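In order, the protein sequences belong to chains A and B.
So the first sequence is numbered by our numbering: it starts at 1 and just counts up by one.
So the second sequence is numbered by our numbering: it starts at 1 and just counts up by one.
There's no promise every hint is true.
As the list claims (entries may be wrong) - The calculated EDC-like cross-link candidates involving lysine to aspartate or glutamate, where the alpha carbons are at most 20 Å apart (straight line), are:
1) B:116 to A:125
2) B:116 to A:213
3) B:116 to B:126
4) B:114 to A:253
5) B:116 to B:134
6) B:122 to A:195
7) A:294 to B:123
8) A:294 to B:71
9) A:294 to A:213
10) B:116 to A:297
11) B:122 to A:125
12) B:114 to A:297
13) B:210 to B:71
14) B:114 to B:134
15) A:211 to A:295
16) B:212 to B:118
17) A:228 to A:213
18) B:210 to B:134
19) A:294 to B:168
20) B:114 to A:296
21) B:122 to A:213
22) B:114 to B:126
23) A:294 to B:175
24) A:228 to A:253
25) B:210 to B:126
What the hints assert, rightly or not - Looking from chain B toward chain A, a few residues come up when the C-beta cut is under 8 Å (computed):
26) 49
27) 60
28) 61
29) 67
30) 72
31) 76
32) 96
33) 102
34) 144
35) 179
36) 220
37) 224
Derived from the structure by calculation, the hints contain no laboratory data.
Owing to the predicted nature of the structure, the values given are computational and were not obtained by experimental measurement.
The C-beta atom is built at its ideal place from N, Cα and C for all residues, glycine as well.
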Amino acid sequence: MEPLTGMGVLALMGAAATIAGASEDLESDVGSQSNPNSQVQLAPQMMYPHRIYNKAVSGEPPSNALMCAIGGTTASVLMTTGASAALALAIGAIVAAAIHGTYSVTSYLGRSASQKRFKQPIYLDIIRSHTPVIMGYSFITTFCILVVSYLMVAVLAHPFPLPLLAFIWGITVGAIGSSTGDVHYGAEREFQAVEFGSGLNAANSGNIVRKAESGLRNGIDNSWFCAKFGGPVTGLAFGMTVFLSGWVTAVFDPSRGDAIGWVSVLAGVIIVLILILWNRNMEVAARAAFGTYKEDEAEAEVAA
Amino acid sequence: MIDIAGILMQNILYVILITLGGVLISWSVHFVPVGGAPAAMAQATGIGTGTVQLAAGAGLTGLVTAGAMMEITSSAALVIAAGAVGAMIMMAVTMIVGTWVYVYGVGCPPASAKVKYDPITKDRQDLYVSQGTEGHGLPTVSFVSGVIGGALGGIGGSLVYYALMSVENGLPLADLVGIASVFAVGIFFVNAVIPSYNIGGTIEGFHDPKFKRFPKAVLASLIATFFCALIGVLAIGGL
Numbered sequence: 001m002e003p004l005t006g007m008g009v010l011a012l013m014g015a016a017a018t019i020a021g022a023s024e025d026l027e028s029d030v031g032s033q034s035n036p037n038s039q040v041q042l043a044p045q046m047m048y049p050h051r052i053y054n055k056a057v058s059g060e061p062p063s064n065a066l067m068c069a070i071g072g073t074t075a076s077v078l079m080t081t082g083a084s085a086a087l088a089l090a091i092g093a094i095v096a097a098a099i100h101g102t103y104s105v106t107s108y109l110g111r112s113a114s115q116k117r118f119k120q121p122i123y124l125d126i127i128r129s130h131t132p133v134i135m136g137y138s139f140i141t142t143f144c145i146l147v148v149s150y151l152m153v154a155v156l157a158h159p160f161p162l163p164l165l166a167f168i169w170g171i172t173v174g175a176i177g178s179s180t181g182d183v184h185y186g187a188e189r190e191f192q193a194v195e196f197g198s199g200l201n202a203a204n205s206g207n208i209v210r211k212a213e214s215g216l217r218n219g220i221d222n223s224w225f226c227a228k229f230g231g232p233v234t235g236l237a238f239g240m241t242v243f244l245s246g247w248v249t250a251v252f253d254p255s256r257g258d259a260i261g262w263v264s265v266l267a268g269v270i271i272v273l274i275l276i277l278w279n280r281n282m283e284v285a286a287r288a289a290f291g292t293y294k295e296d297e298a299e300a301e302v303a304a
Numbered sequence: 001m002i003d004i005a006g007i008l009m010q011n012i013l014y015v016i017l018i019t020l021g022g023v024l025i026s027w028s029v030h031f032v033p034v035g036g037a038p039a040a041m042a043q044a045t046g047i048g049t050g051t052v053q054l055a056a057g058a059g060l061t062g063l064v065t066a067g068a069m070m071e072i073t074s075s076a077a078l079v080i081a082a083g084a085v086g087a088m089i090m091m092a093v094t095m096i097v098g099t100w101v102y103v104y105g106v107g108c109p110p111a112s113a114k115v116k117y118d119p120i121t122k123d124r125q126d127l128y129v130s131q132g133t134e135g136h137g138l139p140t141v142s143f144v145s146g147v148i149g150g151a152l153g154g155i156g157g158s159l160v161y162y163a164l165m166s167v168e169n170g171l172p173l174a175d176l177v178g179i180a181s182v183f184a185v186g187i188f189f190v191n192a193v194i195p196s197y198n199i200g201g202t203i204e205g206f207h208d209p210k211f212k213r214f215p216k217a218v219l220a221s222l223i224a225t226f227f228c229a230l231i232g233v234l235a236i237g238g239l
């Protein structure tokens, strides 16, 4: 393939992946999925009933992998019947979103009902208002991942079948979403009442913020906040993963010989080394800017 | 009738390679700094997700790059290196963006609670751990450990895939790729789950005392993957 065509396709894949990452994270914020949901689940038990959608169908990677595999399978079956790729991918994503919506509702009802003894109500208006938003985000995520997988199969001639690629990227987007954007939701948004600039003190567990900018806080308020930082950076992370892992072989094309293949490996290693140095740089800068949380005991004794 | 003994004897090298790949995956998971649910609340050092999830995310990204490489080269070393690079990139990107969120979104510096000084940078750690937490973020040692874990996981996953693809069989290429990649994903998950019993939710990397427990998981993976390898090789070789 022409290197320029390869780069163009890769750029398109990177853009689709960025949108997929952002919508995946926001979907998990509206519905409260993954690790920060442990606090939403704990809150009623600590006598803090709330109005936050509580779903956690499963860990984010398996739930996204399920969505994407369903979408990929539906799309691939439709394409064998002669449907156009755009239609097949859209219908696949709609089916996936509908199934995800079903899981979300049963999960919310089940989880909230099991907390009846802690006086946690089931809000029907929350189901009505949040479920379409969750399904909307999951449609965007699935559709974008299907676009990435389809481009890999159809244009880049990747040997894996479409549903399997969609499954793998679903696992990856879930892993990235729960590792990056969710921290913004779990460590910051849920505990905005405590002073900024520290991790959650174990003593505050379950004491999540339940009042919103106006009225009582719900999942949509959370996604509004996380859309300012957590969501976009998750998108960047997934976009970077898809783009960089393909970029090294698009620029140094291994089909021109094994030697160039090794150059592509070297390029990947150099990218990773740059990221290690960047992390170190941020670590030093953050420590200098924020300072320590406690005094060094040995130094304090000398000063006294 | 399938000649079971014959297929196994013919492909004994691939059974060994698959088992080796599984063991590498199991070992790699111990390197990956995961803080589980507490890390999502900046309550523990590491990435805020589960062991299996992150290791699988990285390893499977490696499998995608290894699969693409295997289409265009016959060099086993290059396929395995491509797998390692794909997994390393996924892991490094996830960790760097995780650091963005910890530093700029939550406002806490990376700090480890398991060691007083970072073994790589020699920086003091305990002073930067906020009250009531077990550390937060990704100090340099955890980041480097995560990259090593990603590389080993990618090597293991692509080794399994390469071995399965090399088993002699009568399948058309597209079907072989499908069945080999599904087996590779399955074997990856088996070996990502086994070490999580060792890790018990959180591990900071190779400097964490829990890391020393890896021989038990590696032995368990050796046995489990050996059986997976037998079934995988028989299934593909018998078709």
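Hints not upheld, ascending by number: 1, 2, 4, 6, 8, 9, 11, 13, 15, 19, 21, 23, 24, 31, 35, 36 and 37
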